[in-house]
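Residue numbers (the working numbering), protein chains in the order written: chain A, 1 to 492; chain B, 1001 to 1339.
If you're looking for bench data, these hints aren't it; they were derived computationally from the structure. Being a predicted model, the structure only gives us computed values, none of them experimental. Backbone N, C-alpha and C define an ideal beta-carbon position, used for all residues, glycine too. Treat each hint with caution, since some may be false.
[Said to hold, decoys possible] Sample of chain B residues at the chain A side, in silico, Cβ under 7 Å:
#1 THR1040
#2 VAL1043
#3 ALA1047
#4 SER1092
#5 GLU1094
#6 ALA1178
#7 GLY1312
#8 SER1314
#9 PRO1316
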Amino acid sequence: MPDLSYVRSEMLPERAPPASQVGIVGWARANLFNGIGNSILTVLSLVFLWYVLAAILPWVFAPTWSKGSLNECREVFAADGGHGAACWGVIRERWVQLMFGFYPEAERWRPVLAFGLLFVALIPVLFNMISRRMNWVLLLVVLGLAGVYLGGVLGIIVGLALLGAAAFVGFKAFTTSKEDRAAEIASGVKRLPNPLFFSALYPFIAPWLLWGGTIWMPVGAALGFVISVLAYRSLLPFVGNLAGLIIAVVAALVWWLLLTAPFAGGLHTIIPIGLEPVESRDFGGFMLSITIGVVAIACSLPIGIVLALGRQSDLLIVKALCVGFIEFIRGVPLITLLFVASTLLNIFMPPGTNFDIILRVLIMVTLFAAAYMAEVVRGGLAALPKGQYEAADALGLDYWKAQRLIIMPQALKISIPGIVSTFIGVFKDTTLVSIIGLLDPLGLTNAIRADQNWNGIVWELYGFIALMFFIFCFLMSRYSMYLERRLRTDHR
Amino acid sequence: MKKTVFLGALTVAGLAAGVSAAATLEDVKARGKLNCGVVTGLVGFGAPDANGEWQGFDVGFCRAVAAAVLGDPKAVEFVPTTGKTRFTALASGEIDMLARNTTWTLTRDVDLKFEFVGVNYYDGQGFLVTKDMGVSSAKDLDGATICIQTGTTTELNLADFFRANNISYEPVPIETNAEGQQQYLAGACDAYTTDASGLAATRASFEDPSAHVVLPEIISKEPLGPLVRHGDNEWEDIVRWTLNALISAEELGITSANIGELSAAPGSNPEVNRILGTEGNLGEMLGLDADWAKRAIMAGGNYGELFAKNIGESTPIALARGLNAQWKDGGLIYSPPFR
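With the rest of the complex left out, here is chain B (with noise of 0.2 Å):
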């Protein structure tokens, strides 16, 4: 009897803080300042600088959001989670969003009652092996010791590959990243599998990148996207289309550079029109004001601005854009039409 009404009671206040989440446009409002879930730390996505300064691609996307709906790229509370940590922050209304290279999976969308925005990044695990070992494909691997984080998926894709491929390896198991770097070089293992970013990001660190390569294969598919809490469409779609306008704006030539001009006055692209607001009322049906867009493209430019400047081809991580180029490009970014 008593369990019951303590379960009773448990459920009510879990309803209760359901149906708080409902209003997650005004909370912010109130507040001021967006809650913004991102990682500790990860090499080019999100890491705070000597001055505290929260940098990074999925950061970038957190003050976009910001500029969107606040009208300021700074108005932004970035809280830092784990992997352990980042569902239930994002389900207890903790934080707002949550932009942690998280992957878009059934089960994350569906059981743990979330909603994935879209694909920032499309990731996928591969292979870091040593050049001297003359290895050119992933199914050479047979035999060999792979490093690999444990509790994660990327183990189970790890046991995938090898069973289909009727080869055998041997895994060490790691905690983290850092430690995996550490054994990699250390000998321990004679590969190391982990996202493709984060080898790439790896390898840069390494004192001798040449020595080094990434083999072809990508045997997971692994889109990492923003999310946000089930139940609240409104807020959903501001977080949505804040980043299909970001994929737009680089589509349609909008950058940080040209902005102020194509917003001053309507041009002779509509869709660019409609974006920036000077033609229609899209962003009045987001329940936000004409400028929306406009400020969030400018906080830190559009999608591939924002790749550029935190991991693209000109920074250490010097990621190509691969399958992460505009569709036009032969990639698969790609936003639905502003209309």
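If we strip away everything but chain A, and leave its shape as in the complex, we get (with noise of 0.2 Å):
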């Protein structure tokens, strides 16, 4: 070997690279002071932030949470310097009104009940990253807190057992491997029933939790489903298709219009089970938007679905209902409907009859919603290629199920930002209801200033209210970024 010394004859190590370049420094180097530009631009952008926060935590930040009455703030500012700050009194002293309106407190477990077991229905149907046996483990855990809540010995006893067997499951969810699960299955031990089934029922335990009185008038509601079903598939033979639909359809409006009291009513003589009535009255604050909001936006999808199907479709009539009605809902502005719904209908009514604002205003929101639902999925279906219909022809699928196997998986993934978008705003939207003297949030806002404790209390009340609704608004725009992950099997 010629003597070459000043070649290496050994490798280096590797060395860290330069402390400019990597961490906190390197990242502010690439980011925020990269050329003279963007440094300048960085720095006025500190500034600016400073003085911002300067301004707005000192204010937020403030010793006032149990003070009575804005006056005594005031004093604790006086004392302070005499500069103002926030009274965050108020909230201490009202959020119970904000969150339950007037909603009667020994009551006020069953709408925070609805609410957890609102998730527990909602998790099959949105996300599929958990195990069925998980989702049992928290319907068990929301059941057996909601009975350790109520107390009372059957209350704590049941509440305690249904926690037991939460954590059993739980235990055994936990130590079992999905593997040895999925042997477990293909051995033939029996699993759990699909969640999806509590997800079913709970349409009918909601609103018998919010607005109490007997279980059979859910049970009886629910029945109605049952009926229609059996009317359908007993007919199919004799009628055929559409007679047997629209014979199922009348069976169900019957039994529900007609029978439906009688046979709760005659039921609950022979087993009273049944809750504390609650009247819509008492129904304020933010359970009040939430229950608005969850109904819309619930109902509002397949509402919207149909519609917008049935504005593409052949059938002369059913287009044109269907384009008469998206269009004059949306000609319209919501507070307008609200309006018919508080106080037209009202008049028009026959007299006796008690015709709950709440539904009224829940019909008006869930119609509004759909009409604007209907013409985003119709965007979707325009923008799915012709290919696709065609394609779902030629695998001779009929029209429903070429609808839902090939044509509504593709055309609802691509309308998701827009749906999403229509939820968030008809969740916003909710507020408008104080127009017409419902309390919810922003209209307890007048009410909390009329006592004279507050009187002149604007910004905290907002605040809170903003960053309430920001919560629920965030948490929707991020469960659709979720869901356009977890679809994206196409070609970008």
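Assembly of the complex is requested from the two constituent chains, each provided in isolation within its own frame, with the hints serving as guidance.
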């Protein structure tokens, strides 16, 4: 080997990159101080941020949580040097009211339970990342906590039993790996029922929890669907598809409108199980907003899909009805519909009918959201290449199968951002009900200010309400992004 | 043709709704609750407290009627109404009576087909200005910017007043009282105008009330009173005479403190005896029992007690009785005799 002393004979060890290229410094150099122009912009932004935060933070962090009136807060500020700050005592005193409105204190566990169960019911619908067993564990935990909270010997025993069962199933679920479980199932071990069963029952459980009354009412309402399906199945061989469908719908309507009330009343006299009824007037605060928002969101999507399909239909009457409905509702402001619900319907309804104000508002908001939803879904349908429709036809699928298996999954996926935007819009629009005298959070701000203790408080209340709305809307928005990522299977 | 049928159906429905209104007393008794329309929130006059209990001057009157009719001042379903929904709520029968500081005007009485049963508060529109302005009369407000709620009679009153005095102003339109307070405090307007009772409550909520003055001019008449639907005279009588009973009680010195004693046995004053049912059959004439007025007064005290407790000088709002003093004390509050 010739003597090549200037050539390294061994590899140098890797060295860490210079301190100026990694870590916080490196990140700042790359992103914040990358050139003179960017450096100036960064400094200006920091100065701006400093000014904004220096103005807001001392206002937000004020030691006024325990104060009982605006004047007490002002005494604190005066002792503190005289600059104004937030008076959070109003939130401490009124936050229960902002949450539940006038819902009776002893019954407030019911909306909380309904809200908890909402998540249990939603999870299998919204996410597929959680296992069956974990979903049932969640349900048991929520019910168990409710039982323990309710207290009484029976409540605590049942609650603890449910929590115990939850712990047992949860423990088993954690200790067996996915593969072991798959093997168990393959060897014929019985699986837990699909949690979607509970999701399907939830629309009957939630109103019962919120409004109370006899348990036979939701049972009767659910029976309507059973009757409808039975009628369809038993009549199908004799009358054909369309007539069968119509008869099934009519049977369900007859059952709901005419027979459910006597059925529930009769059974209630025999087996009286029920909750203390709560009137709609007692609903208020965020509970009202969430009730209206959830119902409108849940009902508007299916109605909107049907309307969008109807608008594209070849059947003249169906098409005319759908187009007329959509264009009429979209051409009218929501507040007009709410005024119709609150004032006009009252006058034209036959005397003695007690058509619940919240029910009227729910229907109007749902119809309003459905019209917008229909157009969003139609956008998704229009974006699908014609080849998809033709391919579905070529496979020999009938209309409903083609929609269910080929068209809708793609169209809805395209429309997710639009759908969620509509949801968020509907949820925020629920605050409009304050104009017709319902005490939603915004309506309550007025009522709270009418207490002389808190007259003159503005920013604290609106800030708190804005924060709550932001949390809900932000979660919805994040979920839509998650859903888009999960469903991204296509050509991008 | 179709249109006529539709309109006809609506008319029939409307008439039917009107007919149903004819027996409010029976409806209320059958329901066991009085549906009383109130404000969604107005300082001193009606608002829910932290426990969701409604409090206030108008609310107190609802409770008095409930006590007279149903025997329980708590048997009231308070229906919050806005300025826009209040009249339809009453006309449609959703509420049995409206006690929501509503000004008695001819159109409301005649055209909207309501009956005002009396006046429980004489209000009037005034001006709030800062002391620094050095203004002592509303007539000095030439060229001032004035915060005013849009779409109310206050707007028209203001225009009339300035035109009559041949001075100019610049309106700053606002939507709600809260917005008015904020704009005024921020200096967006020199003066804030609304009903004098509202101005007093607004001023009381300021950090330094003494830096602001309510000018002496009252530029409009705002007689506020409870109202019921046109066409059910029995119910109207009950509500009217409940209000009169509260007013007479103050005049005759019947208070919630001494009412037990006065109603135990007929006393020396025959009118007190007639009100409290220890003499005569006034209650029976109204379709109620003999104790109706006693219960109404016990619900929250007589007119003066209600006033003092909710808006009087011992409260932060500190309204003087002024026009709302008894006629004997130089005010306008006056009840026809119980005879």
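Among all the numbered hints in the text so far, which are the ones the structure does not match? The structure breaks hints 7, 8; every other hint is satisfied.
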